[in-house]
Amino acid sequence: MKPAIWLALVAATLVLPWLPGLPLFWVSLACQIGISAIIAVGLVVLTGVAGMTSFAQASLMGISAYTTALITTKLGISPWLGLPAAMAVTLVVAFAIGSITLRLSGHYLALGTIAWSVSLYYLYANLDLVGRNDGLTGIPPLSLFGQKLIDIRFSAQIIGLSLIGGMIASLHLLDSRWGRAMRSLRGGAVAAASVGVDLGRARMLAFVFAALMAALAGWLFAHMQRVVNPTSFGLVAGIQYLLMAVMGGAAHLPGALLGATAVVLVNNSLQDWLPFLFGAGVSAETIVFGVALVLILQAAPAGLWPVIAPRLSRSHRVAETALTVQTMPKLGAVALRASGLQRRFGGLVAVADLSFTLYQGELLGLIGPNGAGKSTSFNLLSGADHPDAGRVELAGQDVTGCTPQMMARRGLARSFQHARLVPSLSVIENVALGAHLRGHASPLSAILRRDRDEEAHIYAEAARQLARCGLADLADHNATSLALGQQRIVEIARALAAGPSVLLLDEPAAGLRHGEKQSLAALLRQLRDEGMAILLVEHDMEFVMSLADNLVVMDFGTVIATGKPSDVRRNPAVIEAYLGGVA
Amino acid sequence: MDSSILLALIQDGIVSGAIYALLALALVLVFAVTRTILIPVGEVVSFAALTYANLDNGKPPAVLILLLGLGVAAFLRGAIFSRGRALIQLGVETLIVPGTIAFAATLLAPLQLGVAMNAVIAIAVVAPLCPLLYRLAFAPLAEASVLVLLIAAVGTHLAISGLGLLVFGPEGARGVPFSDAVVQLGPIIFPGQAICVLAATLCVMGGLWAFFRFTLAGAALRATAINRRGARLVGIPTENAGLQAFWLAGLIAAGSGVLIAPLTTVYYDGGFLIGLKGFVAAIVGGLASYPAAALAAILVGIVESFSSFWASAFKEVIVFAGIIPVLLWRSLRHVSVEDEE
Amino acid sequence: MLSRSRITLIAATFVAGFGASLAHADTIKVGITLSATGPAASLGIPERNSVPLFPKKIGNADVQYIVLDDGSDTGRAVANTRKLIDEDNVDLIIGSTVTPASLQMIPVVVEKKVPMIAAAASGAIIAPMDENKRWVFKVPQNDGLMADAITAHMAKAGIKTVGFIGFNDAYGDGWLAEFTRSATAKGITITTAEKYGRADTTVTGQILKIMATKPQAVLVAGSGTPAALPAKTLKERGYTGTMYQTHGVANAEFLKVGGKDVEGTYLPSGPFLVADQLPDSNPIKAVALDYTKQYEVVYGPGTVSTFGAHGMDTARLFGAAAPVALTHGKPGTPEFRAALRDALEGLRGLVVDHGVVNMSPTDHNGFDERARVMVQIVNGAWKLQP
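Residue numbers (my numbering), protein chains in the order written: chain G, 1 to 583; chain Y, 1 to 341; chain Z, 1 to 386.
These are calculated hints, taken from the structure and not from any lab test. The beta-carbon is built from N, C-alpha and C at its ideal position, and this holds for glycine as well. Watch out, some of these pointers could steer you wrong.
[What the hints assert, rightly or not] Computed spacing ranges between beta-carbons, pair by pair:
1) Val-92/Y to Gln-277/Z: 52 to 60 Å
2) Thr-100/Y to Glu-296/Z: 36 to 44 Å
3) Ser-143/G to Lys-330/Z: 30 to 38 Å
4) Gly-259/Z to Ile-195/Y: 16 to 24 Å
With the hints as extra help, turn the sequences into a complete structure.
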């Protein structure tokens, strides 16, 4: 969004609460909404974007609230200093919790956060330091120039500014190389790993960021309520915040505010209306709220925000120049060498013995009939799987047992047989994800927008690679809306954006029309001529025969022939393997 | 701690664990088939327990209103989309079956035919709530993400527990034990009810095993759980699979409720924590394997029992923080990077 | 109808800002937030049910009660308080049912200078008295008063060792603290202090621990029917010592659920519980029986409980203080609220359902020993102990 809009929002936040005649209660509702929305913003990043469900946000908020409450009441320190202290403590705790819990995947992670939430609640309730169940009272309000900001309208201003700050920070973070990395966690982690994204770091980043949002909310909460006790930080509260994010639209930042607004206002108006419907003696709020929640989700499973707002495509500043071209290793140098690779799955030997060498400036085809072990070999070479025996060398270094991330760092890039694009990123953003390792901006500099130049260069690079692959027109399309053949080409562009010296392609021509195959072949030849080492696993014989310099033919997990296409074509073992396979 | 205390704690843990195990089975079943984490399972337990306990007074169970109300709501909701035979089937399942159960329960309850009959009535009137909830809340969301289904489950839990307060009131109740007999095995005393719990748990597990192993419906359900799309391709009606899973879960949960009713005081909202611990067991068991979930449930029960002896104030901390290493161990066993939705 | 049209109110507030208060100058508005749902519902519902029995008119002024449910949730209690004060412009806040919620409501009423009468138990709500708590009053007896009754009874019965098991929440915490203080003073040893959850299905571990320490008596600090579980388990495990409960259990459901397992148990309670057994000379008897009669006319025989009486007592305090305050200012004004606070603090010798109130600047509960009796459960009924 433009700075002018933010400035207008800031001005509105400062002025609106003091509007004459505005009912004070509306202001206090706005405060409630604001604090919840700050937590929900964190949850959008953590759950909606990075795909990690957390029930523990209220507990993390508690850590911050207790920290600031303790140091302001026991040590008499200014509440303003409580903020950095609370943030710091929450950061440390979130980091500790994260390093234990974030290795959990899927439902384990969700349960892990439930476990933390319940545990922390009972810790708060049984520790004398934090006042056990009664909590801490007498927390000072914020003050400015000696004036205590007790009036709720001051709180509304501060909460509003905090929410705007949190929103801006989130937007900036999501629109950066780490933002793309976090988005990839949801449905594109394998692809991101293949271009060197440190997934563990991306997960931790999302978790810690969401925790800091909760910390901000906790600090505001503590000095607004001026009393804290464990009931505000339990599992039920944690569920409530998650519910707000999901109801508003967990994948969208404005959804956080919308969800918080909807939940708070619905709860409030139910109190007004229900006594008329059911009589005063019946407490039907939770019933009606629960039913309403289910109905809303049925009508809008992606949350309310996508219903009321059109999907906006994100625009990116593109620099004049792309990233500097990586220098390619010397032509003819050994790029990738496999020796005696073996991989067993239980009793099945998928790869029995695979050895070959790929040189810089060579286009090597790996072929074989169905079940020959091509895909397994491909995984062994790219680090997605590890051999039981044998050795993989990349540019002369032993990389056996290395992860895909480490392979990517050493200049290897790959595409996937079943295209793996990050669903929530556009085509050009998917390609920009490929350049992750070529950028250096930290999450903090992204939040502060110190990464703009680098980002512009990354997008220029992505645009360049897309143009090279002939997909420049589709840059702003939703990645998963493309035809499958085109998605594979996007994968090649993404791989190229990583600036690799070795490129592994898994059936890139499948699903392409004739003309598209021609352009792909031309592109691959050009890359080879630039000195890139390319390994092509392909089904389309005509395509690979016309393109490859050399071929490796596999059957039953072993190499049965190697050599120039023309020689291999006449090799009786190869003919036997293919014809036998057909018969 | 002497050995009699040790044995008593283990026994106590096993009995609680058996209940968690039953709920874990229900949760695993529902999750595997529909990807829904059935948080309202706790309410089903509470409602069955309260219904069983209240049947002593010889009045028709209060929960019948809920059963009929949800039935009518499910019919109205489904009637918009159904025609012909589907509409007839819907009518049978949402109106006729609950109506018949309600009629029978109203007739039988005042006769006071003993604890066994009361148990049957309680299960019969509460278990159908589960499939009705499926029709109302979850079937329309069959294609939604796990997270959305989870939040829908939270919504259902809120609504149902609110209704529970209206129907049952805030105070708890306790049921009559099935048997006052006490079995003495060496130094440990087994109250009859504890033996009933264990026996019933084993029966349900055995029954489920046989159901999945030997019946066509069981095989179809299993197939749906393993691969929904594949099951549909080979002609298994997967919509019905969800309904069946909820029926089974409803029966298991209502049965659990009746089992614990004589052991402890049950409240309209007390099932949540029991369900949560069943959920813990289900996840520790991997949300896929029934024996592992059952074993994990027993473990949770025993840990809980021992921690309430050693450090009762921190019991929940120990139980919940204790599962984190287990989760870590489980998730380290498959480290491969997977694309998750 | 307890709650009135908020649509008109919102419209009025929106159009005329604070004009609403001027339009209803001769109406005293009382905002009530109670826990009619959630974990404390068994206390909050009878409290709320008492509201229709509250006085409709004080002097010449009408009284309007606006009741909200906070679901035993702190956040909602605070939001309700703000709503009642900012939107409904109430002169008095009554509530909440639970201690944590009441504690969080205090900064709001202090900020707005509106007096508040809490229906929650913990002494922490009104003590130690400070600048903030000046605005806060509380009707249920302090835990300390009740704890003293128990330890006195124990001392008389020659009990030297006690095992404690209480809720793992503010109620259990408050009791443990007060009971420890009181027991230490009387030379009674607490052998072990265990905690359990309201919704726990088993307390075998805790009970085994308590029994291993061989106490002469066991005190269960829980409220409502959940307090029956430890008693049942103690009986099951063959415990033969004396059992004590707290005033939190004093309702009919507890007797029903506890059955023979709680037979013989001693507990302190407000005299309300056994009002019909009080001597006619006790002034509380008439007040308590009057409320009982009124309540049971509306809700049926046998439905009255001590919690509902706490609810009623909030109105009795208000009813006694408001006429004084009315002479100092018009309802809806800061003067009236301040006068109401002063009048509440000035209440002397007021007989309510649970005792006789003598407020002072340092004591905003105002009860003395007349507000508690020892009761034993005999044949499934409460029996006043001499």
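Given the hint of 52 to 60 Å, check if Val-92/Y and Gln-277/Z actually sit that far apart at their C-beta atoms. Roughly 58 Å apart at Cβ, these two residues keep to the hinted range, so it holds.
Quick one: are Ser-143/G and Lys-330/Z within 30 to 38 Å, going by C-beta? Roughly 33 Å apart at Cβ, these two residues keep to the hinted range, so it holds.
Supplied distance hint 16 to 24 Å, evaluated on CB atoms of Gly-259/Z and Ile-195/Y: holds, 22 Å
Measuring from beta carbon to beta carbon, are Thr-100/Y and Glu-296/Z in 36 to 44 Å? holds, 39 Å
Hint violations for this structure: none, all hints satisfied.
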